[in-house]
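Listed below are the residues making up each chain.
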Amino acid sequence: MSREVVITGVGAVTPLGVGARTLHERWSAGVVGIADGKGAATEFEPTEHLSVKEVRRADRFTQFALVAGDEALAEAGWSDELPYEGDRIASILGTGIGGIGTLERGKELLIEHGPKKVPPLSVPLMMSNAAAAAVSMRFKLLGPCHGIVSACSGGADAIGAAKMMIESGHVDAVVTGGSEAALTPLSNAAFSALDALSPSGISRPFDKDRDGFVMGEGGAILILETRENAEKRGAKILGTLRGYGASADAYHLTAPDKTGGGPSRAMQLAMKDAGITPEDIVYVNAHGTSTSLNDSAETAALKTALGDRAYEIPVSSLKSSIGHLLGAAGAVEAVATLLALRDRIAPPTLGLENPGEGLDLDYVPGSAKPLNIDDKPAIAISSSFGFGGHNAVVALEAA
Amino acid sequence: MANAITEEAVQKTVYEALPQFGVDESDITREATFEDLDVDSLDLAELSQIIEDEYGVALKGDDVGKIKTVGDAIDLVVQKGS
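Those protein sequence lines, which keep their order, are chains A and B. Just so it is clear: in the first sequence, position 292 is 292 by the UniProt record's numbering, and no numbers are missing. Just so it is clear: in the second sequence, position 29 is 29 by the UniProt record's numbering, and no numbers are missing.
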């Protein structure tokens with residue numbers, strides 16, 4: 001019998017502020033964390049949370065993971081002492097690009113001042129595993145430690161990998177999630193060149209006037225452990241990581257398959273892994289990027305995977321509030337989904353006024369609404385899709 | 001053009017560089033060990049870069065292994081530059 005994986009702590013740093021509850025409460029209240037066409041984590045001041053040395057030793061994407069990690073470990077009751085041997089705890093974190101800000105600064109110094117001016121910290125800060133390594137060092141986690149790199153599905157794929165590691169018995173617990181800090185000139189220019197970024201700077205998933213995604217930054221951490229161990233140590237269980245499903249489109253480097261075939265297979269695999277049917281799902285946290293292609297392909301995928309049930313379930317996108325956090329998105333959205341389920345609400349898709357053609361699901365426009373599920377279990381799926389044709393879906397049940 | 005290497009100048013450079021790595025200014029003396037100041041190999045690589053930039057003297061490889069105290073680092077730079 002497989003080991004049931006529960007969530008005992010969450011943390012987040014996002015454009016809505018520092019803290020998972022802040023994220024949940026502000027999104028649910030309809031706050032938009034996007035300004036000047038980007039979702040910057042403006043309330044995050046690294047030196048309020050980390051020492052001078054820690055700040056210097058960490059790219060911004062790593063700083064997000066460390067601070068979200070502090071919050072998550074505290075909630076799980078791990079701050080003073082780890083509940084398991086260090087080598088039974090893994091650190092598995094997703095990212096899309098890693099320390100691209102560090103890379104860009106290093107390149108500037110190289111060009112302007114020559115190779116002797118390139119900082120020795122460049123490589124250890126820019127590497128995509130830096131956040132996973134820093135989390136392992138900060139919290140003395142001695143088990144498996146690596147980054148998961150699958151573009152914008154990285155955060156969800158990390159959570160999925162963590163789940164499988166616990167189920168297989170390789171470890172007893174995992175500090176997992178994802179982080180991204182790619183609001184940089186190169187990254188902006190490169191996404192713009194692809195016509196992926198919104199020229200209007202407005203994130204309005206599923207709207208007929210949607211014109212691309214708005215880039216955001218941040219990170220989220222989840223503490224995963226077995227239900228048996230969590231109950232034994234008297235931990236407060238926030239919810240259960242019921243399922244994970246992943247697939248590849250094998251179709252196009254950046255464009256989604258219009259039929260949503262890959263995403264729908266990931267959704268079906270997540271439901272199968274969770275042992276649930278579409279009828280059990282009460283909320284969908286969509287990838288919902290606000291690009292023309294994603295939002296229609298994702299809608300098609302939901303209809304394929306959920307059948308008629310797709311029309312009955314609220315589907316909303318956090319990206320309407322904070323933009324697209326790339327490799328952090330799946331982790332931040334899993335945290336937001338869990339907290340929404342705990343409150344039995346569907347937070348809104350902000351900025352959605354007129355759904356695009358063929359987009360006829362309940363996207364929860366404007367304001368949050370209650371789930372009205374009575375005693376039924378609060379189960380949702382949260383989807384993440386990435387360039388390269390990566391699709392990752394997690395199924396969560398709140399306590 | 002590299003600056004003139006005097007003990008006084010090098011000490012000033014080192015004393016000004018260390019706080020950037022998170023070292024408390026009041027803890028910095030010639031006798032303080034880098035270990036006690038929590039200055040590790042990565043910090044020393046950065047310090048070396050600062051020193052090389054100012055004085056044209058590199059602290060690399062075996063040199064770094066010999067340095068235990070702040071004074072050791074200053075003396076080595078002065079010695080290599082003379």
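Calculated from the structure, these hints are not laboratory results. It is possible that some hints are incorrect.
[As the list claims (entries may be wrong)] No more than 25 Å apart at the CA atoms, straight line, and that leaves these computed lysine-lysine pairs for DSS-like:
| # | chain 1 | residue 1 | chain 2 | residue 2 |
| --- | --- | --- | --- | --- |
| 1 | A | K208 | A | K303 |
| 2 | B | K80 | A | K117 |
| 3 | A | K258 | A | K140 |
| 4 | A | K272 | A | K208 |
| 5 | A | K303 | A | K236 |
| 6 | A | K38 | A | K232 |
| 7 | A | K208 | A | K232 |
| 8 | A | K272 | A | K376 |
| 9 | A | K258 | B | K12 |
| 10 | B | K60 | A | K369 |
| 11 | B | K80 | B | K66 |
| 12 | B | K80 | B | K68 |
| 13 | A | K208 | A | K369 |
| 14 | A | K116 | A | K208 |
| 15 | A | K140 | B | K60 |
| 16 | A | K53 | A | K117 |
| 17 | B | K60 | B | K80 |
| 18 | A | K53 | A | K116 |
| 19 | A | K258 | A | K236 |
| 20 | B | K12 | B | K66 |
| 21 | A | K107 | A | K53 |
| 22 | A | K116 | B | K66 |
| 23 | A | K38 | A | K140 |
| 24 | A | K208 | A | K140 |
| 25 | B | K12 | B | K80 |
| 26 | A | K376 | A | K303 |
| 27 | A | K53 | B | K68 |
| 28 | A | K369 | B | K80 |
| 29 | A | K236 | A | K107 |
| 30 | A | K107 | B | K80 |
| 31 | A | K53 | A | K38 |
| 32 | B | K60 | A | K117 |
| 33 | B | K60 | B | K12 |
| 34 | A | K53 | B | K80 |
| 35 | A | K376 | B | K80 |
| 36 | A | K236 | B | K80 |
Against the structure, test the hints numbered earlier, and report the numbers of the ones violated in rising order. 3, 4, 5, 6, 7, 9, 10, 14, 15, 19, 23, 24, 28, 29, 30, 31, 34, 35, 36
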